[in-house]
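Novice: Each chain is listed here by its residues.
Protein chains: 2
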Amino acid sequence: MSNASDPLVLFMPSGKRGRFAKGTAVLEAARELGVYVESVCGGRGICGRCQIDVQEGQFAKHGITSSLDHISPFSPKEARYKQLRDLKDGRRLSCSAMIEGDLVIDVPQDVAVNAQVVRKAADERIIERNPAVHMCYVEVDEPDMEKPLGDLDRLKAMLHRDWGFENLEVDAHLLPRVQSILRKGEWKVTAAVWRDDEAGRPHLIALYPGLKNEAYGIACDIGSTTIAMHLSSLLSNRTVASAGASNPQIRFGEDLMSRVSYVMMNPDGREGMTKAVREAINELIGKVCADGGVDRADILDCVFVGNPIMHHLFLGIDPTELGGAPFALAVSGAVHVKASEIDLVMNAGTRVYTLPCIAGHVGADAAGATLSEGVHRQDEMMLMVDIGTNAEIVLGNSTRTVAASSPTGPAFEGAEISCGQRAAPGAIERVRIDPATLEPRFRVIGIEPWSDEPGFEEAAAKVKVTGICGSGIIEVIAEMFLAGIISEDGVVDGSLAARSTRIEANGRTFSYVLQDGAPRIAITQNDVRAIQLAKAALYAGVKLLMDKQEVEKVDRISLAGAFGTFIDPKYAMVLGLIPDCDLDKVKAVGNAAGAGARMCLLNRGYRREIEETVSKIIKIETALESKFQGYFVDAMAMPNKTDPFPELSRAVTLPEKSQSSDGGEAGGRRRRRAR
Amino acid sequence: MSNASDPLVLFMPSGKRGRFAKGTAVLEAARELGVYVESVCGGRGICGRCQIDVQEGQFAKHGITSSLDHISPFSPKEARYKQLRDLKDGRRLSCSAMIEGDLVIDVPQDVAVNAQVVRKAADERIIERNPAVHMCYVEVDEPDMEKPLGDLDRLKAMLHRDWGFENLEVDAHLLPRVQSILRKGEWKVTAAVWRDDEAGRPHLIALYPGLKNEAYGIACDIGSTTIAMHLSSLLSNRTVASAGASNPQIRFGEDLMSRVSYVMMNPDGREGMTKAVREAINELIGKVCADGGVDRADILDCVFVGNPIMHHLFLGIDPTELGGAPFALAVSGAVHVKASEIDLVMNAGTRVYTLPCIAGHVGADAAGATLSEGVHRQDEMMLMVDIGTNAEIVLGNSTRTVAASSPTGPAFEGAEISCGQRAAPGAIERVRIDPATLEPRFRVIGIEPWSDEPGFEEAAAKVKVTGICGSGIIEVIAEMFLAGIISEDGVVDGSLAARSTRIEANGRTFSYVLQDGAPRIAITQNDVRAIQLAKAALYAGVKLLMDKQEVEKVDRISLAGAFGTFIDPKYAMVLGLIPDCDLDKVKAVGNAAGAGARMCLLNRGYRREIEETVSKIIKIETALESKFQGYFVDAMAMPNKTDPFPELSRAVTLPEKSQSSDGGEAGGRRRRRAR
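Note that the protein sequences, when read in sequence, are chains A and B. For what it's worth, this note's numbering labels the leading residue of the first sequence as 1, then goes sequentially. For what it's worth, this note's numbering labels the leading residue of the second sequence as 1, then goes sequentially.
Bound-form chain A, shown alone (with noise of 0.2 Å):
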């Protein structure tokens, strides 16, 4: 209905733009473009969530001078909700600001309106809101006894004609208190509408009397060892609490196998593990609601990932097939169930979505994980690692991508090593290695200062240094490799003990001590030869990969997962755990995993573009071929035995290769220091 003479109007962030009739509430222009911009109370100028910012200036790439002259004076409406709520001087509610010329309008993504809720450990990424539930203030016609429609279905009525939802279902657990909320609201009331999918029909999921301007969603990432959760409002992007808990289920075993064999041994396995991480994740909503003084049942919507086995077990799926090829997933695709079908205790009508299974190995948190790092939207070849028990390996770009996992084994995470421990307080993190000396510094968790520096001593008499964690492992045989102290194919040389007490002999190998002193911490050849099968597993993944992709070289890698967080990128590429690439390009980006499900909590159009991405996957089974086991052996040295890694050599002063297994001749090398 508009034509080329009406204003323009462009909404940023999303850039969309349309002409408008003078007088059109900006609210309305929004709708129109499909600018998703939050309104609870349909613009009766009552529930403030519809703000946005007039910029003013000449837009010269747009061809638009915005100015605040072009839009409607501050009505009343919008006097009397600044008067009684926190409204920033020039913001607008956009159900009550008309159009009046061209103008560019700025759509903030966070809108304060219930001033007493803390913002906590956000996420700083922007994502563009458009939750599955909705919030909807109607006011309903009183019954009349010449048109004897039900309660409800004046409700629905409403919500029909003011919101748009059309044959809208209703969850029986409503049904006997429809009546009642009604009257106490006063035929005013806020009905939550949940739609996962614009093709599916919208279901009444809850209804509260009068103007209920909030609701909350939780994104939650199941891992074998750590669950994390994210508490965030539906009505804005803000995360208000997070907070992570041990996975319960590790006291049936560390491992994801050892998991499975105990479902296969005991009959009530499956139960006690599935209630085990249901009632962990019970407990941690109540944590997150408390930090974030949120009512746990204003908790709506829910997104979960996990691994398939943490992902089945959760959903109360016998996760034995995934025990053994062909590592059947009872289902791949995406999952919706009802928060109470499930056991979790928020909303009668709280909804739960799992992200899709990308294949039997590679998880909801790999697909998660891709979708947070966009592997599919790069138009550069982009790897993601997660890193875990088994290592879930995403390499792609927005033609093509694809997935598999590796066996790495836990050695990573610190097991099937002598001295290997869980990252947590105690545990040597980071490691470095005088080439000259061999004499090692190192970093503890849970002490500030190095080993070397004023204070360590102090510190160390409170918190005992017990072990050594993922990163301080990839780190000290990174270091030990690059000192000289094991060869490129991982020997320790033993004629290094003539030089320094740090090399010692270890029956006919030899180890390297970090801490003489009580525990002893030493890195013994078993060690070094745990993390090189477990880094040539990786390594040899992700080379398949890269032959599916035809590609000598990646240009972006994206380290996900606990491990990942802590790693430095550089020891990653020194060991060969990852290929080469430009430094500056590696990131460790934490839980990925979480962040994706956090992304599909509050944009359901994420989890169409995840479904869609999982199914265009093209999954990799890493023991049907061929090459893996020649690329594996080839991976065994460091950083691997075939290519050249160019980046990393801009960084780092690599040993020469040797020609023979044994190391012997490497610690004569000169070589710049690494850190």
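Please keep in mind that the hints were generated in silico from the structure rather than gathered at the bench. Incorrect hints may appear among the rest.
One copy or two, it doesn't matter: identical chains are merged, so the pair holds either way.
[Said to hold, decoys possible] List of simulated lysine-lysine pairs, DSS-like, C-alpha gap at most 25 Å:
hint, residue 1, residue 2
1, Lys147, Lys616
2, Lys147, Lys627
3, Lys338, Lys147
4, Lys619, Lys147
5, Lys548, Lys147
6, Lys275, Lys616
7, Lys464, Lys188
8, Lys548, Lys16
9, Lys641, Lys627
10, Lys619, Lys548
11, Lys587, Lys338
12, Lys275, Lys88
13, Lys570, Lys553
14, Lys570, Lys585
15, Lys88, Lys553
16, Lys16, Lys188
17, Lys619, Lys338
18, Lys616, Lys16
Given the coordinates of chain A, assemble chain B onto it according to the supplied hints.
Specialist: Chain B alone, transformed into the frame defined by chain A:
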């Protein structure tokens, strides 16, 4: 793709026809034409559900000569099926029988494939089947590491490919069971897919290993007094068992309003009554299952009707609002819930549908009766009266339908009548009075002979005559009127005491003595007044609806409900419960509400039909109509003060109308016996 030279195929009873290329399977032709032919195995020749009969002969009206030569010969698949199972001679499996020439095909509505199920008490009405639950046999691909789709996802792919179900939603309870069922069935399974509404998404609600060739549904009418249930196969139209039980809510109050009062007076009253009715329904399910030899877990769909208060209590909704103006229903539209959500014990996936309620006093039972009687499908003007504590009245035709309830009170059910009782052994249900002698003869429930026939005394020694039930009261008062004992205004003529000892003074009024023994059963002046009030209320409601329809006369009358089943339409008309009508067109139709529920169970198309019909029904609230009081007063007379009853006069000689309300002269008039 067909052309004019292709064979012409006509399906009966639907009358749908089309041309199909030679070699087309009859099942496929039926599907293309939208003729519902059941098939569980999807054309594999193993379920035997798709049986058809080929008609032989010239069908001049349709221009078709059908012959057994026009269909492919009996196939090996059919031969094998016939050998293993029961295939009647002449019957063909439509998946295996190919069109070779013009055909007239009969789709039998009762295909029996499980001989062990006994057919019982079936409603003989032909209902074209189109149930909401489909049993779909599929053969699922085995897991493939190279395409790691989940087991459920591969099942969904087959249900899409073979059965056309897209965007299938899966009940949460199946997630943990999919893998074991697929493996138990060796990748051959039968899926139960529920889709109430073609535009809605299909839901996987149950899954069985191998071929599951049976599924059941229940249709249930929750009356205030009696709960009636049918158990039917969803794969044929057989009703395999029917049963009834008392509504245990009676202990909280005999009539509806006393139950509402109970809820209002007792904090856990609603909960107690909901629990009572659900328990009774669960027991009744057990009974019909035992009678029909059916596992209750094989019941996958249910349809319920009931008056608004029964409907609300069943769904767990507080009916207090229905106890006073504006009589607001919590929900008037059709309701979908899972059986498990309302504590009904069947399959975890069983669905429940309740028909819409028409108004605060005109319930889902009236909607069911409307559907069953087809008020809205008539060319003629049809009156449907469902008599309980309230009379629910629907009047209309295909153009326009109106509905109301009339506050008849419980007199028709035997309450408020001095010797009244419920219809049970010992209750007088039929009465004749000799107009010459004023001597009565009657028939009693549980006693075969009439009271003046041989054998009555012996029988009455066993089954004691204890009172008079609703139909007996109607007859005795009508007969008293026809015999001149009461005037058209309902006054018992005391002067007749001189002629007969049956007329007896009772203070200032007179009674008519039916049984002088123990107990003494007499009809008092107050009893006559109670019936007059009840019938006047009913008639005034009917009259209002006739006004709304602008008709002087109705063409057809259906008397529904337990009371309607036993009432003699002639006496109902003599009393003036119903308006004048050709007696041949007045039918007692029994539990029409339950019949409507059964229609909705077996064909979801009827759900849409009644939903649409109810949304269009014009509701009349008698309390708001100024004319109601006048009609009510006029209708106190027998048959009625103002309306002519020409049709009734053809069957019965009515006493001449007196000018006064004193019926003293009436006794002397000549009349034919009404018998």
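Novice: Please work out whether the CA atoms of Lys147 and Lys616 approach to 25 Å or closer within one copy, between two copies, in both situations, or in neither?
Specialist: Intra 52 Å, inter 11 Å, cutoff 25 Å: inter-copy only.
Novice: Between copies, within a copy, both or neither: which fits Lys619 and Lys147 at Cα up to 25 Å?
Specialist: Classified as between: cross-chain Cα gap 7 Å, same-chain 59 Å, threshold 25 Å.
Novice: Could you place Lys16 and Lys188 in one of the four classes (within, between, both, neither) given a Cα distance threshold of 25 Å?
Specialist: neither (34 Å within a copy, 51 Å between copies)
Novice: Indicate which option fits the pair Lys548, Lys147 if close means a Cα-Cα distance not exceeding 25 Å: within, between, both or neither.
Specialist: between (66 Å within a copy, 15 Å between copies)
Novice: Which holds for Lys275 with Lys616 at a C-alpha limit of 25 Å: within a copy, between copies, both or neither?
Specialist: Classified as neither: same-chain Cα gap 34 Å, cross-chain 50 Å, threshold 25 Å.
Novice: At 25 Å max between alpha carbons, let me know whether Lys338 reaches Lys147 within a copy, between copies, both or neither.
Specialist: Intra 35 Å, inter 29 Å, cutoff 25 Å: neither.
Novice: One pair to classify: Lys641 and Lys627, alpha carbons no more than 25 Å apart. Within, between, both, or neither?
Specialist: within (15 Å within a copy, 101 Å between copies)
Novice: Within a copy, between copies, both or neither: where do Lys619 and Lys338 come within 25 Å Cα-Cα?
Specialist: Close neither inside one copy (30 Å) nor across copies (38 Å); limit 25 Å.
Novice: Could you place Lys548 and Lys16 in one of the four classes (within, between, both, neither) given a Cα distance threshold of 25 Å?
Specialist: neither (38 Å within a copy, 55 Å between copies)
Novice: At 25 Å max between alpha carbons, let me know whether Lys570 reaches Lys585 within a copy, between copies, both or neither.
Specialist: within (11 Å within a copy, 94 Å between copies)
Novice: I want to check one pair: Lys88 and Lys553. Are their C-alpha atoms no more than 25 Å apart within a copy, between two copies, both, or neither?
Specialist: neither (49 Å within a copy, 71 Å between copies)
Novice: Evaluate Lys619 and Lys548 at a C-alpha cut-off of 25 Å and name the case that applies: within, between, both or neither.
Specialist: Only inside one copy: Lys619 and Lys548 sit 10 Å apart there, 69 Å across copies, limit 25 Å.
Consistency with the previously given hints fails for numbers 3, 6, 7, 8, 11, 12, 15, 16, 17 and 18, ordered from lowest to highest.
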